[in-house]
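For reference, the chains in residue letters:
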Amino acid sequence: MLLNFLIQTGRYFVLLKRVFSKPEKPVIYYRQTMREFVFLGLNSIGIVTIISFFMGAVITLQTAYNTENPIYPTYLIGLGCRDSIILEFSSTVCALILAGKVGSNIASEIGTMRVTEQIDALEIMGVNSASYLILPKIIATLLFNPFLTLISITVGILGGWIAGTMAGVITSEDFIYGIQYAFIPYYITYSLIKTVFFAFIITSVSAFQGYYVEGGSLEVGRASTKAVVYSSVLILLFNVILTQLLLS
Amino acid sequence: MIKVKNLCKSFNNQQVLSDISVIFEPGKTNLIIGRSGSGKTVLLKSIVGLHEIDSGEIWYENIIFNQLDFSARKDIRKEMGMLFQGAALFDSLTVEQNVRYPLDMFTGQTNEEKVDRVNFCLKRVDIINANNLYPSELSGGMKKRVAIARAISLNPKYLFCDEPNSGLDPITTILIDELIKELTEEYSMTTVVNTHDMNSVMKIGEKIVFISDGIKCWEGGKDEILHSDCDTLNDFVFSNALAKKLRSSSKQHMA
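Chains Y and F are the protein sequences, given in the same order. So the first sequence is numbered by the working numbering: it starts at 4 and just counts up by one. So the second sequence is numbered by the working numbering: it starts at 2 and just counts up by one.
No lab work stands behind these hints, which were simulated from the structure alone. It cannot be assumed that every hint is accurate.
What the hints assert, rightly or not - For lysine-lysine, the following DSS-like pairs were computed, each having C-alpha atoms within a straight-line distance of at most 30 Å:
id: 1; chain 1: Y; residue 1: Lys20; chain 2: F; residue 2: Lys46
id: 2; chain 1: F; residue 1: Lys208; chain 2: F; residue 2: Lys158
id: 3; chain 1: Y; residue 1: Lys28; chain 2: F; residue 2: Lys208
As the list claims (entries may be wrong) - Residues of chain F placed beyond 10 Å of chain Y at every Cβ, according to the derived structure:
id: 4; residue: Gln15
id: 5; residue: Leu51
id: 6; residue: Glu62
id: 7; residue: Ile65
id: 8; residue: Phe66
id: 9; residue: Met81
id: 10; residue: Val116
id: 11; residue: Lys124
id: 12; residue: Glu138
id: 13; residue: Asn156
id: 14; residue: Glu179
id: 15; residue: Leu180
id: 16; residue: Glu187
id: 17; residue: Lys223
id: 18; residue: Asn241
Stated by the list, open to error - Derived DEER-like restraints, expressed as beta-carbon distance ranges:
id: 19; chain 1: F; residue 1: Ile129; chain 2: Y; residue 2: Glu217; range: 32 to 40 Å
id: 20; chain 1: F; residue 1: Gly168; chain 2: Y; residue 2: Gly49; range: 34 to 42 Å
id: 21; chain 1: F; residue 1: Ser137; chain 2: Y; residue 2: Arg34; range: 16 to 24 Å
id: 22; chain 1: F; residue 1: Arg125; chain 2: Y; residue 2: Val30; range: 22 to 30 Å
id: 23; chain 1: Y; residue 1: Val61; chain 2: F; residue 2: Gly168; range: 50 to 58 Å
id: 24; chain 1: Y; residue 1: Thr70; chain 2: F; residue 2: Leu94; range: 39 to 47 Å
id: 25; chain 1: Y; residue 1: Val236; chain 2: F; residue 2: Ser137; range: 31 to 39 Å
id: 26; chain 1: Y; residue 1: Arg21; chain 2: F; residue 2: Ser19; range: 28 to 36 Å
id: 27; chain 1: Y; residue 1: Val61; chain 2: F; residue 2: Asn13; range: 49 to 57 Å
id: 28; chain 1: F; residue 1: Asn13; chain 2: Y; residue 2: Glu27; range: 53 to 61 Å
id: 29; chain 1: Y; residue 1: Ile48; chain 2: F; residue 2: Val116; range: 56 to 64 Å
id: 30; chain 1: Y; residue 1: Arg34; chain 2: F; residue 2: Met2; range: 36 to 44 Å
Heads up, the beta-carbon is just placed ideally off N, CA and C, and yes, glycines get one too.
Generate coordinates for the entire structure from the input sequences, incorporating the hints supplied.
Okay, structure coming up:
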């Protein structure tokens, strides 16, 4: 098992070396990257928005019900909602959701290309298939996912405000005061740094799973599942490491 | 010319090809024949470098291909065209974009020149008014022809076809065979075709190599194949009922 882990890790880094080699025709890579911006980035805005809105709402209501104490000022509900969303939810939870959506998409797309010999066809032409297929996806997610995080933060806080005021657990003024109170701009930077790391994990791990598929449609499905599971575990692991490094 | 010398290939300690040596001549349709699982596809993929070989040499003219690294192989790969068993067209691209892809990637041609070349190649394989269709909208035979158009778009010196007739009806099979033969002669390409279809062997086979259990058992021309002493080859060639009947009646006639 350890040997297999070492072999797979080695193959992953060998693949990365091929991915980051010099592109054959930059203009074609540019076009591919634009395509990936749409498929992996723009198409994820919907799910990120919906989940962020409801998570923001739930965080506000949960904080309100768990801090029902006259000692605590109610604006702390807004503060709690803001910090939970910025520090953890918008970067980590959104990354886990994207690992499911984008990760499985990447693994199944590349895996299908492998089993239908489309990757072999690229290799025969002299194209570096690893770079051509994976590099645009990595660039697109590295550049676009921070925007998704910013959208998530905005919509999450908005969801918290709407839910909190509609449920009557906090006034609009208190919530707005709370989200402004003791604001540390570095938290946004911290969240965006984590997002970039997670974007790289999701794309590279999922692409790795798809690129080395052997067999048929069943194996493509398995690779897709593995992509989600391994990406999620690595996201959680790196979340701990990055939190310690960036906030300690 | 492609020369294979003492090629050996194994997967997980299981020997798939043993000591294969063969020369594929230019301007000819060279056929690799054998039963399913005999190692034909592994041999073809080893020749084009999709499988790394355990030992032996693969020569393209006077260059030992298997000793080159990925970037050094690129120059030779640009002279290769390959037709895969399932056509391997890019699903996300239209017919025109598929054929144009090698031109975009490796030439500095203007848009007009590329369009002309794409239309020429598609016309050559008899694909008309299908430029904007996606592979999922094409029949099996059309996919194969588009794949041939893509393979010849850069005027390759070497054409490889892996089971070009699999899954096709007899009439389309004949059309594809004729197309491969015509293109080989027209462009003086070194063409290597993997097949187990005896109709193709008799129609286009100029040089035939028979592989059985990873070993080269026989090589020769289509005129010699019917009179071979190789029992394994005879079992393969005369495997269908009609061929068996013809052979026995021919023997009786000779007697």
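For each hint, the structure was consulted:
{"no.": "1", "hint": "Y:Lys20 - F:Lys46", "result": "holds, 24 Å"}
{"no.": "2", "hint": "F:Lys208 - F:Lys158", "result": "holds, 17 Å"}
{"no.": "3", "hint": "Y:Lys28 - F:Lys208", "result": "violated, 39 Å"}
{"no.": "4", "hint": "Gln15", "result": "holds, 15 Å"}
{"no.": "5", "hint": "Leu51", "result": "violated, 5 Å"}
{"no.": "6", "hint": "Glu62", "result": "holds, 17 Å"}
{"no.": "7", "hint": "Ile65", "result": "holds, 18 Å"}
{"no.": "8", "hint": "Phe66", "result": "holds, 12 Å"}
{"no.": "9", "hint": "Met81", "result": "violated, 6 Å"}
{"no.": "10", "hint": "Val116", "result": "holds, 17 Å"}
{"no.": "11", "hint": "Lys124", "result": "holds, 22 Å"}
{"no.": "12", "hint": "Glu138", "result": "holds, 16 Å"}
{"no.": "13", "hint": "Asn156", "result": "holds, 13 Å"}
{"no.": "14", "hint": "Glu179", "result": "holds, 23 Å"}
{"no.": "15", "hint": "Leu180", "result": "holds, 19 Å"}
{"no.": "16", "hint": "Glu187", "result": "holds, 21 Å"}
{"no.": "17", "hint": "Lys223", "result": "holds, 27 Å"}
{"no.": "18", "hint": "Asn241", "result": "holds, 29 Å"}
{"no.": "19", "hint": "F:Ile129 - Y:Glu217: 32 to 40 Å", "result": "holds, 38 Å"}
{"no.": "20", "hint": "F:Gly168 - Y:Gly49: 34 to 42 Å", "result": "holds, 40 Å"}
{"no.": "21", "hint": "F:Ser137 - Y:Arg34: 16 to 24 Å", "result": "holds, 22 Å"}
{"no.": "22", "hint": "F:Arg125 - Y:Val30: 22 to 30 Å", "result": "holds, 28 Å"}
{"no.": "23", "hint": "Y:Val61 - F:Gly168: 50 to 58 Å", "result": "holds, 53 Å"}
{"no.": "24", "hint": "Y:Thr70 - F:Leu94: 39 to 47 Å", "result": "violated, 56 Å"}
{"no.": "25", "hint": "Y:Val236 - F:Ser137: 31 to 39 Å", "result": "holds, 35 Å"}
{"no.": "26", "hint": "Y:Arg21 - F:Ser19: 28 to 36 Å", "result": "holds, 31 Å"}
{"no.": "27", "hint": "Y:Val61 - F:Asn13: 49 to 57 Å", "result": "holds, 51 Å"}
{"no.": "28", "hint": "F:Asn13 - Y:Glu27: 53 to 61 Å", "result": "violated, 33 Å"}
{"no.": "29", "hint": "Y:Ile48 - F:Val116: 56 to 64 Å", "result": "violated, 36 Å"}
{"no.": "30", "hint": "Y:Arg34 - F:Met2: 36 to 44 Å", "result": "holds, 38 Å"}
In the structure shown, a violation is registered for the earlier hints numbered 3, 5, 9, 24, 28 and 29, in ascending order.
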